[in-house]
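**Q** Just need the whole structure built from these sequences, with the hints factored in.
First residue of the sequence shown: 1, per our numbering; consecutive thereafter.
Hints are supplied without guarantee of correctness; some may be wrong.
[What the hints assert, rightly or not] Under the rule of at most 27 angstroms between Cα atoms (straight-line distance), these lysine-lysine pairs were calculated in the BS3-like manner: (1) Lys164 - Lys26; (2) Lys97 - Lys68; (3) Lys26 - Lys137; (4) Lys97 - Lys164; (5) Lys26 - Lys68; (6) Lys97 - Lys137; (7) Lys26 - Lys97.
By construction, these hints were calculated from the structure, which means they are not laboratory data.
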Amino acid sequence: MTQTKYWNQVSGEPDLDVGIANAMSKASSVALGIALGDSERPVICLDSDGSLLMNFGTLATIAGMAPKNLYHFVFNNGIYSITGGQPVPAPDVEYAKAAEACGYAVAHRFSDIETLDNAMPGILSSDGPVLIEIIVKGEPQTDGVDQTWESNARLPQQLRALRKRLTGTDDWGSGGPYI
Numbered sequence: 001m002t003q004t005k006y007w008n009q010v011s012g013e014p015d016l017d018v019g020i021a022n023a024m025s026k027a028s029s030v031a032l033g034i035a036l037g038d039s040e041r042p043v044i045c046l047d048s049d050g051s052l053l054m055n056f057g058t059l060a061t062i063a064g065m066a067p068k069n070l071y072h073f074v075f076n077n078g079i080y081s082i083t084g085g086q087p088v089p090a091p092d093v094e095y096a097k098a099a100e101a102c103g104y105a106v107a108h109r110f111s112d113i114e115t116l117d118n119a120m121p122g123i124l125s126s127d128g129p130v131l132i133e134i135i136v137k138g139e140p141q142t143d144g145v146d147q148t149w150e151s152n153a154r155l156p157q158q159l160r161a162l163r164k165r166l167t168g169t170d171d172w173g174s175g176g177p178y179i
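**A** If you want it as structure tokens, here you go:
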């Protein structure tokens, strides 16, 4: 998910950012859990068309749970960026329409940055779930995916730190997790 590379360069609170490139297609599922766990905090999910296609049922799950604080950005570039730029199998899917059909409160589709920029204040003041589909140029990631034993171990550590920051506790109970 190329977009997270850019987000990491501008984020003001990196300890609240959970990068899950190694868990392709699960960004929206993780964001849903965070949104339900802390309904007072806006949750922004940076997703891609390729990842969303691999977990398409999440649109219905998110709509059914109806978190008012979830803003689901889908960068539609028509390719699987992190695996070399292969085309997605269904390049004509309109994710905003699919989200509306599933029951998202609001869905938008943008193909130019100026229109998106002008709409952002209204979007971020809307009750969610909100899906924002952004048509972007495909940019294959040529430096490969940072998938090592260390990067695979980082996700549970990030999630544990995030849970502690949001809830003030590190007590997972007797069921784990074992990290």
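**Q** All hints are to be evaluated individually against the structure, with a verdict given for each.
**A** Do the hints match the structure? See the list:
no.: 1; hint: Lys164 - Lys26; in the structure: holds (21 angstroms)
no.: 2; hint: Lys97 - Lys68; in the structure: holds (19 angstroms)
no.: 3; hint: Lys26 - Lys137; in the structure: holds (22 angstroms)
no.: 4; hint: Lys97 - Lys164; in the structure: violated (36 angstroms)
no.: 5; hint: Lys26 - Lys68; in the structure: holds (20 angstroms)
no.: 6; hint: Lys97 - Lys137; in the structure: holds (20 angstroms)
no.: 7; hint: Lys26 - Lys97; in the structure: holds (20 angstroms)
Going down the numbered hints, you'll see the structure goes against just number 4.
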